[in-house]
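Input sequences plus hints: build the corresponding full structure.
Protein chains: 2
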Amino acid sequence: MSRNEIAAVNRQFEEAARKGDLDRLASLYTVDAMALPPDAPVARGREDIKRMWGSIAQQIGLKDVRLDTLDLEEAGDTACEVGEATLTLSSGTAVVKFVVVWKKVDGQWRLHRDIWNTKAA
Amino acid sequence: MSRNEIAAVNRQFEEAARKGDLDRLASLYTVDAMALPPDAPVARGREDIKRMWGSIAQQIGLKDVRLDTLDLEEAGDTACEVGEATLTLSSGTAVVKFVVVWKKVDGQWRLHRDIWNTKAA
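Protein chains in written order, with my numbering: chain A, 1170 to 1290; chain B, 1170 to 1290.
If you are wondering where the hints come from, they were derived from the structure by calculation, not from laboratory data. All the pointers check out, no bait thrown in.
Note: identical chains are not told apart, hence a pair may lie in one copy or across any two.
Computed cross-link-like contacts, DSBU-like style, restricted to lysine-lysine with a CA-CA straight-line distance of at most 35 Å:
id : residue 1 : residue 2
1  : Lys-1232  : Lys-1273
2  : Lys-1219  : Lys-1188
3  : Lys-1273  : Lys-1188
4  : Lys-1288  : Lys-1273
5  : Lys-1188  : Lys-1232
6  : Lys-1232  : Lys-1219
Structure, rendered in structure tokens:
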């Protein structure tokens, strides 16, 4: 159940990233979410996370994202996902590893903590 | 309660890192833990995580670690920590951001998911 619901939000995330819809992307996070991109400070809350994604998308020329869940553990209204994201960039393809802590708020799963790093040097 | 217990394990982590005690360090993780170091694949389980820390410690000349908790949310037998680690290296100092998902196993808090990345470019 939760597994399917979280997968559905990941598909929404991919679609928003592909379309460059930063408002939609930010809305998939909790209002008090924290995102931790490499080489940058922590982004807190939807406005900050929206700015972060705008900046990242522009910087790397983000065209497409595919999210693959490697592991998902649920505990009540929270869940912890470990996965890989394959990014299509203007310069080619990059793969990053991530941990997302999900939180169910008002019946909807949202990204609550989001951190990633590069897979290979 | 949990907050203090987790802080105590962080102090044990710092001590093990300072002493280069890889067995102790690995024992602070759950048996099915996953660690996601930058520029490398996922390490799974204590043996793999022990190897990972041995490799990292040697590579960067790790002398000391200080862990600072920025945020800690608890949910039953799991907890999610966002923090910063200040590393003393042979070449100077580095600061990384991290997310640790903690799990209470047999009455003891252990690192269950551990991922970090650099703070500034």
